[in-house]
Amino acid sequence: MTQRIPVIEGLFAELPEGPRLLGSRCAHCATPYFPRSPVCHHPDCDAGRIENRMEDVAFGPSGVLYSHAVQNYPPPPPAKFDEPYQPYAVGMIDLAEGLRVLGRIATDDFSKLQGGMPVELIVDRLYRDGDGNDVVTWQFRPAEAAGHRNQGRRKP
Amino acid sequence: MTQRIPVIEGLFAELPEGPRLLGSRCAHCATPYFPRSPVCHHPDCDAGRIENRMEDVAFGPSGVLYSHAVQNYPPPPPAKFDEPYQPYAVGMIDLAEGLRVLGRIATDDFSKLQGGMPVELIVDRLYRDGDGNDVVTWQFRPAEAAGHRNQGRRKP
Amino acid sequence: MTEVAVLGVGMHPFGKFADRSVTDLCRSAVLAALADAGISWREVEAVAAASSRFSGGKGWGLNGNDVVEDLGSTGVPVYNLSAGCAAGGNAFHIGYTLVASGMHDVVLVVGGEKMPKGFIQTSGVEEATDPEFLRQRCIGVSGPAFWGMLCRRRMEDYGTTEEHLAMIAVKAHANSVHNPNARFRKPFTLEEVLQSPMVCFPLRLFEICPVSDGAAAAVICSARFARRKTTKPVWVAGSAVATARFDDGMTRHLAAVSPPGKTMHSEAKLAVETAFERAGLGPRDLSLVELQDNTVYYELAFPEEWGLCAEGEAERLVEQGETGPTGRLPINPSGGFQSFGEATTAMGVFQVAELTWQLRGDAGARQVPNARVGLGQTIGLGGNATAVMLKT
Amino acid sequence: MTEVAVLGVGMHPFGKFADRSVTDLCRSAVLAALADAGISWREVEAVAAASSRFSGGKGWGLNGNDVVEDLGSTGVPVYNLSAGCAAGGNAFHIGYTLVASGMHDVVLVVGGEKMPKGFIQTSGVEEATDPEFLRQRCIGVSGPAFWGMLCRRRMEDYGTTEEHLAMIAVKAHANSVHNPNARFRKPFTLEEVLQSPMVCFPLRLFEICPVSDGAAAAVICSARFARRKTTKPVWVAGSAVATARFDDGMTRHLAAVSPPGKTMHSEAKLAVETAFERAGLGPRDLSLVELQDNTVYYELAFPEEWGLCAEGEAERLVEQGETGPTGRLPINPSGGFQSFGEATTAMGVFQVAELTWQLRGDAGARQVPNARVGLGQTIGLGGNATAVMLKT
Ligand SMILES: [Zn+2]
Ligand SMILES: [Zn+2]
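Residue numbers (the numbering used here), protein chains in the order written: chain A, 1 to 156; chain B, 157 to 312; chain C, 313 to 704; chain D, 705 to 1096.
This is chain A alone, in the form it adopts within the complex (with noise of 0.2 Å):
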């Protein structure tokens, strides 16, 4: 039976209430951070340089889209991918968290993409391992079919 595994552990979650990222917030200046880190790296906070100030946050799941891009050819090691190669779009998220966040955005129409559209997280496939698993990662989608269409989308 086809699993679902993570492409890299401890870096997403699916909870309960949905999908989240797995970061951490600085308990001295609030500062979040994806992936988790052990320590603050904000340069004016000489407190979170003590280990085990920071706090486990999920973040997620909505988000706007700050820019995106297609990734036209296939992109060398270590990505991997499905064959054939099939071209996928890739973004920048605000999340309300105060992070700006990397992924992929899962949609079949690239030129419906536009910065300051809403975005949800969700868990998908990045590829197909060879014992037959689904290598899942963590993407965004375009909020529309949640209700929020046209909502916070900004014209240039």
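The set of hints was computed from the structure by calculation and includes no laboratory data.
Everything numeric in this text was worked out from a predicted model, so none of it was measured.
We treat Cβ as the ideally placed atom computed from N, Cα and C, and that holds for glycine.
Treat each hint with caution, since some may be false.
[Said to hold, decoys possible] Looking from chain A toward chain D, a few residues come up when the C-beta cut is under 7 Å (computed):
1) His41
2) His42
3) Pro43
[Said to hold, decoys possible] Listed below are the simulated DSSO-like cross-link pairs for lysine-lysine, each with C-alpha atoms no more than 30 Å apart in a straight line:
4) C/Lys574 / A/Lys112
5) B/Lys236 / D/Lys720
6) C/Lys703 / C/Lys544
7) C/Lys429 / A/Lys80
8) B/Lys268 / D/Lys966
9) D/Lys821 / D/Lys720
10) D/Lys821 / B/Lys236
11) D/Lys720 / D/Lys890
12) B/Lys268 / B/Lys236
13) C/Lys498 / C/Lys328
14) C/Lys328 / A/Lys80
15) C/Lys703 / C/Lys541
Given the coordinates of chain A, assemble chains B, C and D with the ligands onto it according to the supplied hints.
What follows is chains B, C and D with the ligands alone, placed relative to chain A:
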């Protein structure tokens, strides 16, 4: 049938007159090189920097041992050796041509090795490869066997 | 600090040279620079070299030591600098500092590279602690895709068109026709660029630089030494190195804090502004700029971020031909990375060579008229950037 | 050039730390150095770091960038220096130059390393053009065997005995007992050393340093800045980098030209002599030396080659205990590489930290009485060497 394969091509040859190291000499300043060098690296030899001013030279077979050590433990890759590992001697040898060369010292009795002793170039097995061939390399052996016993030996 | 002059420069033509080692390429460039400076190898007192990830250096990044052994081991101190694609500029800055401090009179700066084929695998490290590994394995966001995202945002913000992008590539290749060191010396039409394959929408193949083999070298020296050797020295007006700021909005890892202001290449902006400050010069003083055009997008973003033009004005400059060699803000009259291909760690020194030829008036048919002040700039992995200003 | 002070130093203890990254080690060392200097991270104006072949650096040797990102990206310029095992000393010299030139007031120098297990595979390059590959594949002459050859020649020339070699190891470990940062803090008897396995005749296991993980950092600054922060600064009297000469007789490739004079480590000699010259000081001024004792043999060869003692005299100094902390020429009162293990690129900075503690009189039970002037020295692949002299 067991073949003799040079460990690296172009470093030495078994000529009719005996084994030789394949090197170069600068036509401008006479600096000797082993391995062959397409240019002269003497810091004062401007002319040597123009390619094709180097002449091929065969060095050896006579030299004098400057010093030696014993490789008592198996060296890390990319070194290769036959199993079980047998310690061997290595040395710096001053050739008459003004060149100090590194090489294995072929001897059963390390205690007889002494700075200043005459040695002669041979080509002998380094290890046997997976196909049963002898991979050979340049080595030096004490020249006593050739009637040079005690000649040139130096007491501390 | 004492004044520093660029006394001689040299370059090995860029391209793919299967039969030549990186040391061979460097030797050509260094001997040319020594001859141009009118000095012998023995007069070089120190070497600052770009450390390569791809070629030479004995597996330890010792590319400067390779050069010294090849030319003849005189005992000179060697400094091997790693800074990703900014390594050449970084090495130049160290060479500059060694002379400016009064420690040495004559220093050789060199960068050379033999690149692997195709698009670069950025880090080569396969560990979950490596940000580049995570970006590639978990998302598959290549370098061109990253540039594409930044470029797409610009299109939405300022109405940049695909034609604007293509015009920059056309300009680069038009310049390259006049540069004997360039790898590609063929002019392209707008249509040809627009018909080249889409690599990462919105960026096409002819809008992204490939990798090349190449090398460049510069002999720099104290004012005292320069005046003994030439009556027309080129001077280092200012040199600076910087790294990225924490909150510039560039997601160099899987994420970054949302920026308080405009998203920008803070490392390049900081390096250029510091170089301006050290030179006591500003954007209005520039005769020409050699900037790192891995992608044509940089020719739109950088001039604005550095204050060379107003926000959203870059496309107008391109439309009006003002970034050509005879325009108001000549950018990459050499042909740039688009025409040379990137020999990663050589590029900062390549720019110094090009600027020097321009400031001497020796740039032939690609000459910027009355070139007096030039700016060179590089940016590299790790948030590294360099800027150098030369003047007559 | 302006005067440069060492304002603060820090070290992560040396050892094997499977659970800590090289960045973790560096953070400990840097935070300790900042605290020792009494400054905040924001006050650091530039970073000079040793570039590691073994750990961190994003696969591009960007170890300084790792440190800056970890502590917080302020935009400071970063310089990553590769020089084999001399990288830490090389980075220190660049940091020194950045301050001495007047370009910066406060610079952080850092070196950290997580080493792979066992003896180091020197180059990692498997090409017939790579000298180290040829030496290993065609002959199988390891680093210890190379040292063994040099040591054996000394035994023939000066009557050095196996006991002399062992005495140096005994002295090193006796010192280490008093150093909380050392990896091995157990004293050894002469017999124990002489009974340790022969690695490469004539050198035994306890006469060759193993590899370790470790990190060290130093905050250096201008005289003006130092006087605001402390009444007892330690000063950089002289700093130098050098490479090997063409004709010193060391077969760094498969061969070398036969030397016209004595076979010697010309790079180390040149670096130390240049540091003496720049400091305006000589061998007689030295209170102590921290030298690179990968092998005990170096404690015999180096003092002579640098003119610290007469030819053939080194063994007498060892016999008479003159290289101990209270002797005439204290060598490696820290315990040296023998007691710490080599964390390759950290070692030059490790020496600066040790010398600083000695010159401040803070070295506890290993303190050299009335330490006024100290010399640190490293040597590395590619014929690189560094020397630094500190004074009170
Ligand atoms: Zn914090
Ligand atoms: Zn010659």
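Original post:
Which hints, by number, does the structure contradict?
Top reply: none
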